[in-house]
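Q: Sequence:
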Amino acid sequence: MQLNKIVEFHKALGDLTRVRIVALLQQGPLHGQAIAGKLGLKPPTITHHIAKLREVGLIKEKRDKNTIYFSLNTKILEGSAQAILTIGKEITNVEFAVTDQERASILKSFFTHDGKLKNYPAQRKKKIVVLELLVKGLEFGRVYPEKEINEYLKQYFDDYATLRRELIICQFMYRENNLYELNPPELWVLK
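Under the UniProt record's numbering, residue 191 is the last one in the sequence shown; the count climbs by one each step, no gaps.
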C-alpha cells in the first residue's frame with residue numbers, strides 16, 4: 001500500500017465524529033438520518049463526514065428506493081490499519097537490521113571485558129545494539145525511580161544521563177514524574 005494512502009486513511013479517522021460513525025456502522029448498515037439521530041448531529045454534518053470516509057473507501061453505499069444505506073467496508077478498514085504496522089516493520093527492519101555477527105562485533109568494540117561501556121556510539125544502529133543490551137538487566141513491568149535507574153546505568157558508563165535520555169528517545173523506556181518503566185519490546189525502535 002502506498003504511504004500517501006495510509007496517511008489519507010488516518011487523516012479520515014482523525015476526527016471524533018468519523019470514528020463514532022465507523023463504530024456505529026460496525027453494528028450494521030444505517031441511513032444518514034439514523035446516523036444523525038444516534039449521534040445528535042444534523043444530516044448535512046453527517047453527509048460531510050460520510051464523504052470523507054467514502055474518499056478513503058471506508059464506506060460502502062446501497063440504495064433502497066429513495067434511501068441510501070451506508071455500511072462499513074471492513075476489508076479496507078482492516079487492510080489500512082494493518083498496513084501501517086507492515087510499513088513500520090519494513091522501515092525499521094531495513095534501518096536497524098543487524099546480524100548476530102555485527103551485534104557481537106559492536107558489543108566487543110564498545111564494551112570492556114568487565115562489561116563497562118568504553119564510549120557511547122554515534123551511529124544509530126550501534127546505539128540501538130548497546131541500549132538493547134543495557135535493558136536486559138531491567139525487569140519488565142517494574143517502575144524504577146530515577147535515582148535507581150541512574151545507579152543501574154552508572155555501573156556501565158559514567159555519563160548515565162546520556163544513556164537514560166537515549167533509553168527514552170529510542171522508546172526502550174517510558175518516563176513520567178521521574179519514574180521509569182520498560183516499554184513493551186514492540187515499541188522499541190529496533191523492532
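Check each hint, because a few of them may be wrong.
[To be verified] Ranges of calculated distance between the beta carbons of each label pair, as one might list FRET restraints:
(1) Gly40 to Ala122: 53 to 59 Å
(2) Gly40 to Thr67: 16 to 22 Å
(3) Lys108 to Asn183: 41 to 47 Å
(4) Gln27 to Arg103: 45 to 51 Å
(5) Gln82 to Leu179: 32 to 38 Å
(6) Thr45 to Phe140: 43 to 49 Å
(7) Gln82 to Val143: 31 to 37 Å
(8) Asp159 to Gln26: 48 to 54 Å
Since the hints were made in silico from the structure, they are not lab data.
Built from N, CA and C at the ideal position, the CB exists for glycine as well.
Q: Hint by hint, where does the structure go against what was stated? Just the numbers, ascending.
A: 3
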